[in-house]
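Novice: Chains as they are written, first to last, in UniProt numbering: chain X, 1 to 429; chain W, 1 to 429.
Bear in mind the hints are in silico, worked out from the structure with no lab data behind them.
For clarity, every value in this text was computed on a predicted model and none was experimentally measured.
Mixed in with the good hints, there may be bad ones.
Copies of one chain are not kept apart here, so a pair can be met inside one copy or by any two copies together.
[Said to hold, decoys possible] Subject to a maximum C-alpha distance of 20 Å in a straight line, what follows is the list of computed SDA-like cross-link-like pairs (lysine to any residue):
no. : residue 1 : residue 2
1   : Lys322    : Leu332
2   : Lys374    : His399
3   : Lys374    : Gly404
4   : Lys24     : Gly212
5   : Lys24     : Gly213
6   : Lys402    : Gly373
7   : Lys322    : Ala333
8   : Lys367    : Arg407
9   : Lys322    : Asp175
10  : Lys327    : Pro29
11  : Lys322    : His336
12  : Lys359    : Asp420
13  : Lys92     : Leu217
14  : Lys24     : His336
15  : Lys24     : Glu287
16  : Lys24     : His149
17  : Lys322    : Ala119
18  : Lys46     : Glu393
19  : Lys24     : Leu331
20  : Lys4      : Pro53
21  : Lys327    : Val3
22  : Lys24     : Ser271
23  : Lys322    : Glu393
Protein chains: 2
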Amino acid sequence: MGVKLGILGLGTVGTGTVQLLQDKIDRHPLLQEIEIYRVGVRSPNKPRQVELPAGVVTTDLEAIVNDPAIDIIVEVMGGLEPTRSLILTAIKNGKHVVTANKAVISRFGAEIFTAANAAGVYVMLEASVGGGIPVIQPLKQSLSVNQIHAITGIVNGTTNYILTRMQTEGSDFDDVLADAQSLGYAEADPTADVDGLDAADKIAILASLGFGGRINLADVYCEGIRQVSKTDIAYATKLGFVIKLLAIAKGQNHDRSQLSVRVHPTLVPQSHPLATINGVYNAILVEGEPIGQVMFFGPGAGAGATASAVCSDILNLVATLKTDTSKAHPLLACSHQHYCQISPISELVSRFYTRFLTKDQSGVIGKLGTIFGKYDVSLESVVQTGFQEQLAEIVVVTHDVKEGDFRKALAEIKNLAAIDSIPSILRVL
Amino acid sequence: MGVKLGILGLGTVGTGTVQLLQDKIDRHPLLQEIEIYRVGVRSPNKPRQVELPAGVVTTDLEAIVNDPAIDIIVEVMGGLEPTRSLILTAIKNGKHVVTANKAVISRFGAEIFTAANAAGVYVMLEASVGGGIPVIQPLKQSLSVNQIHAITGIVNGTTNYILTRMQTEGSDFDDVLADAQSLGYAEADPTADVDGLDAADKIAILASLGFGGRINLADVYCEGIRQVSKTDIAYATKLGFVIKLLAIAKGQNHDRSQLSVRVHPTLVPQSHPLATINGVYNAILVEGEPIGQVMFFGPGAGAGATASAVCSDILNLVATLKTDTSKAHPLLACSHQHYCQISPISELVSRFYTRFLTKDQSGVIGKLGTIFGKYDVSLESVVQTGFQEQLAEIVVVTHDVKEGDFRKALAEIKNLAAIDSIPSILRVL
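Okay, chain X solo, but in the shape it has when bound (with noise of 0.2 Å):
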């Protein structure tokens, strides 16, 4: 009568989510109807903050997913191999599955998603991206009718209560990371997070939802937050900006055959509405036609909020199945065939901040101004900000330039004898 789920993770998400299913007073009554038949685990005798029957947790992961009896595999376990097997396994043996992983769909969503459509099966991922936050089925559904133009996300919370922390206390990136892990915001390896890795993955799930096609991971352009200095922050301000880590995705010039998809420490204005998106939040604003601009908020991680997005999942699945149907609903499954055209980040068109420091001030703004208007580089304002010790500091805001004739500009502008350093390139939304 009820429906059987395996769960594949007894960690944080695999905690919240046991939590929530077996805490049914005052929620869905069709909560009633789910039944945790399994729960794999890698260390049977570890303390748990959840009470299962006799029976159900296991370390035969493989057992899970074979076993005729589960209905649904609820994947919070995390990582690559064995991961992305057993998930295939599950598929094909016609269980759908419920996941938290952004890692594995974006890297081997093409494969997933093909096997699920020929097995028959659902593959729901809400909590892959932005913790709790809706934002996966809105997009499949209620904004299904839209031709979506841009997704421009604050995704990952680690980095963003670092530039948060560091525009608030004005402090540098090295002593607010140390601070983040000790307090257990960052990991103790942030490499994911700080160098944009995880935000990678998870605008490429938006981008194929939103864009209708599949994204090569490897074509998402990438850059983390160690470059941001207390400096620009400052200077950002001063400006009328706040620097922001966004993931975007976006028609390249209104095209929405040719992407751009990035990830990359941004300005953003203070009216803008990801400028006031502060501390560990997540926000994902999505622009369309003629939808306009919607913006989703709230917590982007947290056992309690990805629980919320995992069992809503479950629900879906379970409400579904009731529905006892053996047509694949249309909305639910994934229906792209083909790979979404990404443009290089050479091509991108985009306003640029950057920050020199010069060995001598006199001509220098005027040597800078040639190169960049042999470049095609049209300049919005330069400023001679201060001296750092003996270098006089030089902001140069441009107007929307081609990427790639920016950085030839920059690379003849590096040789020119008054030139120290160039401390900051940072793109502007």
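Got chain X sorted already, so can you dock chain W onto it with the hints?
Specialist: The following block gives chain W in isolation, referenced to the frame of chain X:
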């Protein structure tokens, strides 16, 4: 083969809906399967912005809802009657319904959903709240496992536009209203908007979804923005607040079985996510467990945004019809049987902001304090802020107090010889 629509109404939203349904290129492929079969209008010879094949447009709305060829009725004509009757006839005839009509749903929702359940059809209403913002479907599906504790929304664009302009320009209500009317942001008869009735309809719908029961619209407390003055906005700013017309549904004293559902101008802390929602934009903040806070932001009105919601509902129905099932989808059908218990406003526990004009300053603050104390009204601040002609102005902010107690204290204060008037009483979030 295709799914046949009967559209009732060809005003702003109806025209936007037809335009979107006719513009299928580079949108969801499922749109190809939708046929605009009949469009019911009042004036067939009125010039229109859309072209429809001969025979599609008709003035016989009854014939549309009784036409056996039609699968889905799209109600975008507005008003209460004959709309309600047409919807009920359509349902009785086994047709699914998509509606943008908050007034009909908030008043006749019980009757309509009871009929829909009996007939085995769905009534979709994404466009009834928040224009194009996905909020109905997220509440029904993506957040379905949560215990919702509170829904707080800016759900009326006209009043938010007026309050934003009063705030930024320091203008008076009447002047901004007149200008908003001339710009088309407010109706010639602005009652439904500025007196909060439109917002009351919408929060009744959201409360019903969030708290899983029916809402008696008469129990929704409703207060508009006519009494909000530029003086109060200026004081609110000094105290760290902005004034917004909020629609709130909340468990009374953390008890989900006893609700407070209300619309009133509110002092919102400047750091609150809703404080920065300006102009005609809407936003709905949903708080629950375990999700925490999520917010949905976007255009609350307009032909394109509303058409996005209407057409996405249509597409969801078409997708569901494709699964060819006879069993109802438990998350799409309405499962509410009982009415929610709603407390009278006198039971509300809130902070209050009140402005007094007093004839004679000496000792007045002491007298206010004594009377408030008598009724257990604890004060956070009492400030004599200045003079208006011969009268001293005193602004009081309370701690959380029961509204009934606060009103009793005010009634007694009003009788003090020193009190000239109490021009504003506003709740504080």
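Novice: So which of the earlier hints does this model not fit?
Specialist: 9, 13, 18, 22, 23
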